[in-house]
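K.L.:
According to our numbering, the sequence shown is numbered sequentially starting from 114.
It cannot be assumed that every hint is accurate.
[To be verified] For lysine to aspartate or glutamate, the following DMTMM-like pairs were computed, each having C-alpha atoms within a straight-line distance of at most 20 Å:
1) K427 <-> D417
2) K652 <-> D350
3) K381 <-> E200
4) K252 <-> E316
5) K320 <-> E142
6) K275 <-> D246
7) K338 <-> D417
8) K567 <-> E422
9) K218 <-> D277
10) K567 <-> E554
11) K662 <-> D417
12) K228 <-> D348
13) K427 <-> D531
14) K487 <-> E579
It is worth saying that the hints were derived from the structure and are not from the lab.
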Amino acid sequence: MSAAAKQRTTCSEDSDDDGQTWLTNAFREIHNSPNLDEDLCCVLQAFGESDSDARGVASLDPDGGVDDLDMVLQRKISTELLDEIDEDQASMFGRRFISVSNLLKDSVAGEVTTKQMLRLALNRRTAQILSTDDPVLSKRKALRIRALVDFIWSQSLLLGLKDDPTAQGNPTLLEMVEQLEMYSKASKRYHQFYPGFYHATIEGTTKDFGPVHINILRIDPGKCKMKCIDARVVDTDLSALSKKYGAIAAISGGFFLYSEPDIVLPSKRTDPVGLLCSDGHIDGPPVFERSTLHQTGSQPVAIDVIGMEGMTCKFRYQKHYFGGISTIEFGLTVGGVQGDVQCVDRSKAAVVNVGKVKKGKHRKDEVAFVIVGKQVIQVMKLGLVKVPLAGFVLIFPAVSLPAGVEFEGGDLTIEVVDYSLPHPFSNVENAIAGGPCFFSESRDNMDLQAEDFKRSAPPVTFSQDETFDRNLLPRMGVGLTAENELICVAVDGRNLDRALGLTLRGTSDLLRSLGCVTAMNLDGGSSKRMAILQTGGHKVVCLSTTEIKAQSDDNCKNKGVPSRPVHSAILFMAC
C-alpha cells in the first residue's frame, strides 16, 4: 500500500469512526484520482450481499494488516469448501485464487493503482463469501468463490486493455476476423484436413479481448454424421475418444453437475444436464427447455430449443405377489390431452406441494413421480416434494394410471423404460443440450430466462450469475450458416500471454461474424476441447485452460501431456 493511501485511510475491524468502509474509501480514491477508471466502482460493488455491504478492514491495503493474507485465504478455500465440492476442486479453486492475487500484486510509490484496487476487492470479497452466515449464500460459497476469481481476473484484463495505449492500435476481434477473411473457408487460413472438414486458428492480439487463441472447425453440409455420447463410460481424453470411434473431429459437449451445492444421490457430480441422445437412445431427458444441437438420419445438423412439453415417459410397474409378479407398462405425456400432466424442474421450483391447492384444500386424486434419469426415486400423493437438481417431478391425476397400478402394500417397483421426444423431434438420433441460444432467425439476442437458466437450475454458474456476462472465460460455441454449414469455435482462455478468453456476447459476435445465422453455447471453461484428425493421429488443438497461467508455453498439446477426460462429447464422423 502506498504512503499516500495510508494517510488517507485508517484501519479498523469494520469501518472508521466516521462510518467509512473499505468500499467508501475506495470510491473516494477512484473519484479523486485521474489514474483510476470510474468503471472500478461497479467492479468493487460486485458480490456484495447489498450495494452497501463492505465488511472488512476500512483500509485500501489489500492485505488489511494481515501477513500473507492471500495464503491464509487460499488455505481457507482449500479446506472450507469441502461440504460443497470435492478436495481436488477446492484445491483448484484455491490455486486459481492465489494465481490471480499474485498477478495483481503491484506497488507504485505514492499512488493507488487499479491492480491494488482489484486485489483489495478480491481479498475482501473472498473473506466475506467464506464468512457469511446467510442461510442461502452459505450454501453457495464454492460457486461464488469460483465466479469471483474469474470476475476479478477478467476485469483486471479488460481495465488493463483500456489503460494500455499500445492495445488501442490493435484490431478488434471482429476486425481481425474480417482482415483474415475467416468468414469464408476459402481463406488461406483454413486447412482441409479431410474432405469437407476444415480447420483454422485465429491467434493474435486484439483491442477488445487482448491476446486470443481460437480454433475453428467448419464442416460442409452432408459431410458428417454426428454422434453424441456420455464420455464417462469411456473415461479417456478427447483425442483417444476420437480414435476409438473413428471420428474425423470432435468437441466437448454439454453441461454437467459440478459446483452445485446440493448434489444428492442418485445424482452425482459429472452427471449430464439436459438432453443427451445417442444413436436414438435417450440417456438424459430434456429436463430444461434449452438450445440443442441435434441430427436425424442423413439430414443436416440442426439447432432447436427442445424441452419436456409433449415428451412421453414410458414406465414399467411391477408388483410382487405370493407366487407371481404383476407387470404393467404405461406412458404419460407431459402436457397431456387436457394439459393435466405437469412437469416441475429446478427452473420452476426447488420444492413442490403435491395434492394441495390454495387455502389448504387437497386434491386427493393427484400423484407425483420424482424422476432422475431413468429412475423413479419417489412416489408421492400428498405433501412437500423436493425437486431433484437435474431431474424433475411429474404430477398428474391418479385416473391417468391404468387399472392395477397401486402404491400401497406389497413389494413393488416402478422405473422409466424409455422416453420419446415430442414432434417434430421424435426421430432425432443424436442430440445434446447446451444454451443459451446466441441468436437465430427468430431471436436476435440471448435470453437465459427463456431457456430455464434461472432459480437453482444447473449449471448455477449461469442461473445464479453475479457477473452479468462480464467474465472472460474459455468458451465453446456452435452455429449454422444459411447453407447448413456447421461451424464450431473453441475459445481458449485463462492464459495471460496467449488467450484471455471471451464473454458469451463476444462468442456470439464471433460466430455471427463467421457467417452463422443461428448459434448456441456449449459448456466452456475447463471442459472446452476440440480434437481433429491430423497426420499421425488425432490431436487436441486447444490450450490448457484448467489453471490460470502466465507462461506462454502453457500448451498441453505441445508438451505431450494428455488433456483431462471430457464428460460428454460430440463426435463428427465422415458420411
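K.L.:
Against this structure, judge whether each hint is valid.
P.N.:
Going down the list of hints, with the structure as the test:
Simply put, K427 and D417 have alpha-carbon atoms about 24 Å apart, too far for the 20 Å limit, and the pair is violated. Between the alpha carbons of K652 and D350 the distance comes to roughly 10 Å, so the proposed pair stays at or under 20 Å and holds. With a C-alpha separation of about 15 Å, the suggested pair K381 and E200 falls inside the 20 Å cut-off, and the hint holds. Proximity of K252 to E316 is assessed by CA-CA distance (about 40 Å); at most 20 Å being required, the pair is judged violated.
For the hint pairing K320 with E142, the CA-to-CA distance comes to about 27 Å; that exceeds 20 Å, so the pair is violated. Taking the CA atoms of K275 and D246, the gap is near 37 Å; set against the 20 Å cutoff, the hint is violated. With a CA separation close to 18 Å, the supplied pair K338 and D417 stays within the 20 Å bound. Of the pairs offered as hints, the one joining K567 and E422 holds, with about 18 Å between alpha carbons and a cut-off of 20 Å not exceeded.
Taking the CA atoms of K218 and D277, the gap is near 18 Å; set against the 20 Å cutoff, the hint holds. With a C-alpha separation of about 24 Å, the suggested pairing of K567 with E554 is violated against the 20 Å cut-off. Distance hint between K662 and D417 is unfulfilled; the C-alpha atoms sit about 36 Å from each other, more than 20 Å. Annotation: proposed proximity of K228 to D348 is violated, straight-line Cα distance about 41 Å (limit 20 Å).
Under the criterion of a C-alpha separation no larger than 20 Å, the hint pairing K427 with D531 is consistent with the structure, at around 5 Å. Restraint check for K487 and E579: not satisfied, since their Cα atoms lie roughly 33 Å apart, outside the 20 Å limit.
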